[in-house]
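Visitor: Spelled out from the first residue to the last, the chains are:
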Amino acid sequence: MTASQTRARTDRGGARQTSTWTSAGGGRPPATGRVLTYALLVALSILVLAPVVWAALSSFKTQTELAQRPPALLPHSLSTANYSGALQSFHFTTYLKNSVLVTVGATVLTLAINTMAAYGLAKYNFRGRNFLFLVTLGTIMIPLQIILIPVYQVAASLHLVNSLWGLIIPPAATPTGVFLLRQYMLGLPDDLIEAARIDGAGEFRIFLRVIVPLCGAPIAVLTIFSVIWRWNDFLWPLIISQDQDKYTLPVALAQFNSELVVPFNYILAMSVVSMLPVVIIFLVLQRHIVRGIANTGLR
Amino acid sequence: MNQRVAPYLFVLPNMLIFGVFIIYPALNNFNISLYDSTNGRTFRYVGGANYQELVDNADFWSAARATVVFVVCFVVLVTVASIGLAVLLDQRIRGRGVFRAIFFLPVLLSPVVVGLVWGWIFDRNNGLANTVLRGIGLGQPGWLVDGTLATVVVIFVGVWTHVGFYTMIMLAGLQGIDPTYHEAAMIDGASRWQRFRSVTLPLLRPTTMVVVILSMITGFQAFDFIWTLTGGGPVGATTLIVQYIYMHAFQSPIRYGLASAGSVILFCTIFGLTAINFLYNRRRSAA
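As you go down the protein sequences, you meet chains A and B in turn.
Heads up: the first sequence is residues 1 to 299, going by my numbering.
Heads up: the second sequence is residues 1001 to 1287, going by my numbering.
The set of hints was computed from the structure by calculation and includes no laboratory data.
Even glycine gets a Cβ: it sits at the ideal position worked out from N, Cα and C.
Just so you know, not all the hints are guaranteed correct.
Some residues of chain B that are not near chain A, with every Cβ distance over 10 Å (derived) [to be verified]:
1) V1046
2) S1062
3) C1073
4) V1080
5) L1109
6) N1126
7) V1145
8) G1189
9) R1192
10) T1228
11) A1249
12) P1253
13) N1277
14) R1282
Distance windows between CB atoms, simulated [as the list claims (entries may be wrong)]:
15) A:H159 x B:T1038: 32 to 40 Å
16) A:R205 x B:G1272: 45 to 53 Å
17) A:V279 x B:G1236: 17 to 25 Å
18) B:R1284 x A:L73: 45 to 53 Å
The following block holds chain A by itself, in its conformation from the complex:
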């Protein structure tokens, strides 16, 4: 029990640790309650994991196995025929490549412009600063869904339709990222910047050499977020990538799923490919993600 108790305490973060801490539920539940709690948690976990596991297992099945009634739990063999088939015969390599390019490109751009904007807002006094911060917060209130038409028109007039730049540039300015980084930078001492100025360092050099290295934690959180956002994006790529060779993986999956041209065993295999990076990132970096969300209340 000691191991999990220490874990429980470190989970809560440093500030609020007390030895007498009891959880809101009143500490350890009584024995019957504990059994009930476990039963409920396990049942719900199965409900959450079942579709993911079922999809992963079935992605190794042949078309005949998928049509079988009742379906077998395990595939006949762990053949990767569905994966290679989808990649070879339906251009999924192109969609995969587009998704990777957009995810990497947009994340790099997001990190660059969001840290810069956050630094400007956090560490300078300038006319219009509060207004710009308010604008940043305000844009959280304006999701893509409600500006679909006008923003498409802007993209069209800038020739961003059917171009991967159209998927990289517009989503790169994230209010969440600016907010997250600004809050973190506010906590960095101004003396650091002053000292660097006295040493004769230029403003951009101070930002790059003094501030950015200190922002490892929020930059890591934003990187994870941005990769997941861009990898999963759907509505924006759906309207921007109209030509098939510009499809990202989610757009290709959605279009082919409704058209019934691509066999479902291929769709399933590519769905698993689409889930894989996110699941891996999550398994490795779970703690950072949860902390990032707890800190900002945003995703």
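Fit chain B to the given chain A structure using the hints.
Guide: Same frame as chain A, but now just chain B:
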């Protein structure tokens, strides 16, 4: 770089994108909603005719109704379930970190894939859901063929996807409650349920309000997982307002102005409800 110019240069790239791709389109949306266009190039001023057409349009009302049903069920279920899950996960039990991770996982999955996989599971003849139901002798309901059942499935998948996120927020809220309140209640001999009712719930109120607002905004934006789950069908039963807007803007016959008018209404709804929720809760906490 000059210290006076520097901040402007730092914020410039980000603010430029905000301006061009969010602020300007947001303002222009009202403008476009006053025009009619069937090709996106030529616009004819029609004043409030688009709004009038929406009000007279049965499909719009169907989408509006479906959206309200979805949002109300989604917000209620997600709020209740996330409080319940957070309370379960806040106990000192073994493997709590693992459970938390599991519940959070769907939040990160591609909504397109989530809809696709659930659509396959709820397939009438060959889906996993009906295989299980047949096994225990419950027949095979046409989940995605019947309008009401499809709505239930859409709500279920929405909750399945998002509940982990709100549970994290609730958990943070629970852990912010000073344990001395619980200790005092325990000394007074309050039962676990009584403590939940009269200590946890009231003190969780601000967090609950955050969850209600956030889930409401998320609910009104629902689109991507439904697109691959039901495609908005059967016969428009699960076509929500965002899909209505998308279809009128990007599928023929294109009606830009009409779609814009729809998104202006969506914007006002989200904004209005958030404001009401916020004011109501501020009044209550002041009283």
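Visitor: A separate judgement is required for each hint: does it hold in the structure or not?
Guide: Tested hints:
1. V1046: V1046 (chain B) is indeed farther than 10 Å from all Cβ atoms of chain A, at 15 Å.
2. S1062: Its Cβ never comes within 10 Å of chain A, the nearest being 18 Å, so this holds.
3. C1073: 18 Å, holds
4. V1080: Holds, because the least Cβ-Cβ distance between V1080 (chain B) and chain A comes to about 14 Å, which exceeds 10 Å.
5. L1109: 6 Å, violated
6. N1126: Incorrect as stated: the minimum Cβ-Cβ distance to chain A is 6 Å, not above 10 Å.
7. V1145: For V1145 (chain B), whose nearest Cβ neighbour in chain A is about 16 Å away, the distance exceeds 10 Å, so it holds.
8. G1189: It holds; G1189 (chain B) is separated from chain A by about 13 Å at its closest Cβ, greater than 10 Å.
9. R1192: 6 Å, violated
10. T1228: 5 Å, violated
11. A1249: 5 Å, violated
12. P1253: Non-interface label on P1253 (chain B) holds, nearest chain A Cβ at 15 Å vs cutoff 10 Å.
13. N1277: 13 Å, holds
14. R1282: 18 Å, holds
15. A:H159 x B:T1038: 32 to 40 Å: The hint (32 to 40 Å, Cβ to Cβ) is violated, given that H159 (chain A) and T1038 (chain B) are roughly 23 Å apart.
16. A:R205 x B:G1272: 45 to 53 Å: Once the Cβ atoms are compared, 48 Å apart, the range 45 to 53 Å for G1272 (chain B) and R205 (chain A) holds.
17. A:V279 x B:G1236: 17 to 25 Å: Since the Cβ atoms of V279 (chain A) and G1236 (chain B) sit about 34 Å apart, the hinted range of 17 to 25 Å is violated.
18. B:R1284 x A:L73: 45 to 53 Å: 51 Å, holds
In the structure shown, a violation is registered for the earlier hints numbered 5, 6, 9, 10, 11, 15 and 17, in ascending order.
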